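Turn these sequences into a full structure, and let the hints guide you.
Number of protein chains: 2
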Amino acid sequence: MAISIAHLGPAGTYAETAALASVQWLIQGGQDAILCPYPSIAQTLTAAAEQKVQYAVVPVENSIEGSVTMTLDNLWQLDNLRIQRALVMPISHALLSHAERLEKIRTVYSHPQALAQCQKWLDQFLPTAQLIAANSTTEALQHLGDDRTIAAISSQRAAQLYNLPILASPINDYPDNCTRFLVLSLEPSPGGTHTSIAFGMSANQPGMLVKPLQVFAQRNINLTRIESRPTRRTPGTYHFFLDLQADVREFPIQSALEELTHYTETLKIFGSYDIVTID
Amino acid sequence: MAISIAHLGPAGTYAETAALASVQWLIQGGQDAILCPYPSIAQTLTAAAEQKVQYAVVPVENSIEGSVTMTLDNLWQLDNLRIQRALVMPISHALLSHAERLEKIRTVYSHPQALAQCQKWLDQFLPTAQLIAANSTTEALQHLGDDRTIAAISSQRAAQLYNLPILASPINDYPDNCTRFLVLSLEPSPGGTHTSIAFGMSANQPGMLVKPLQVFAQRNINLTRIESRPTRRTPGTYHFFLDLQADVREFPIQSALEELTHYTETLKIFGSYDIVTID
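Top to bottom, those sequences are chains A and B.
By our numbering, the letter at position 249 of the first sequence is numbered 249, and the numbering carries on one by one without gaps.
By our numbering, the letter at position 164 of the second sequence is numbered 1164, and the numbering carries on one by one without gaps.
Calculated directly from the structure, the hints in this document are not laboratory data.
None of these values were measured; they are calculated from a predicted model.
Each residue gets a CB set at the ideal place from its N, CA and C atoms; glycine is no exception.
Quick list of in silico lysine to aspartate or glutamate cross-link-like pairs, EDC-like style, CA-CA up to 20 Å: (1) B:K1120 <-> A:D73; (2) B:K1211 <-> B:E1259; (3) A:K120 <-> B:D1073; (4) B:K1268 <-> B:E1050; (5) B:K1104 <-> B:D1146; (6) A:K52 <-> A:D32.
In silico contact screen, one side only, chain A against chain B (beta carbon under 7 Å); selected entries: (7) I64; (8) E227; (9) R229; (10) R232.
Next comes the structure, spelled out in structure tokens:
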């Protein structure tokens, strides 16, 4: 039986490349894999949460622009998905257009994260161009048509796939641009070097973050990342997303998570998994 | 002599309203205040850092969309500005357009934060409209012209100021939408209930966040907020922005900050100040 993997589409997105790279660990024996493009990160995650597909691959953090807040906010709401693996993938953006010269371009379409990652380049070379948000880097390509005043920021792979000319590449402001993707499903997570959790606390509790962070500090469990997101209920209250260097199958973290429930209102454990770097 | 206050412009932005509200604490005696609109948050902060103006008023966090990452990244780089005061201001967005009906609208301009704060409303009422990023909510209004297929998301105050019709209001997805602004200058901060700091650590240091957070936990200093931003140098390394419930003029925090320098590579103290809620 084939396995199905949801990702942000259409074909040619960085998320699709990440999904393709994850196939090798997800298939067993002679299985096939079917890639299922969805128009948004929210719909990609919901597809896996509602068992329309077995896996979802979504970006969670970029090394330049930071968290993909859409992914964090949706993970918090869905809360039944577990992380199977994380992938770190280098990102190199290209400017695709039928224009012969940069001077002709009046409008640039792309995903907001891609626009932000090329902000300095756009300021320098296309300072007067309108920047228009698309749902994905490849959805942006649908706006090109035959119009020589329009450009889109997408991957070199997308240029090949859709046979579109590259006018400039690479155009990302920082060469060390990479994105971390998560592979999620309803299955229990397999265990590994990192554990991701999130928690909420009752509003205005004195001491707020001190106690939860002490729980890990006392056990010498390393936090590799902490991110806060507004609860959207009461201003000044947050959900905290933590990445820990620990395996949830081991005792120290089990005891830490047990103690953590004393201080948190809601605790979500997204699982333990390995991080893999792909080229 | 008049005091000068930079803010994101043109006139009519939420930042201008915050700047106007801050005038009453900034002027002394019979002083006048001159508001100086700038086209970006970066230029607003730089104007104060380079003494072209005395004060800068910038948004730092919205209760729905989270951090204004542009402000955090620029504060880190400039590092000579000190916080004089924080203002929490309710935000209510309106849809401004010459269109008679929503069905006519094909394009919506606004600041990316405003577009994000009205995302559900836009998905429901204008699902096919193109969303275009503007530098500010009032810069968005310049695109309206006489075109009845264009709308902009801005404040009710901007609608009055520029005599533009309101087609729908309020359109923000959450009624409890508020934004925290910072008033910054080169002067030492005055002291107050909250202290903002930021620090960087050398890459891959084991224990990473544990030690810095223990410094505050051991002294029962409450963290009201923690935010990480990528360093943009090495993937997986961050600057951390912390808000503490403490006054830097008091002993516990002075000793905490002194100890903190043992664990951090760079430590920036943006000052202690009071938070004021305005209507």
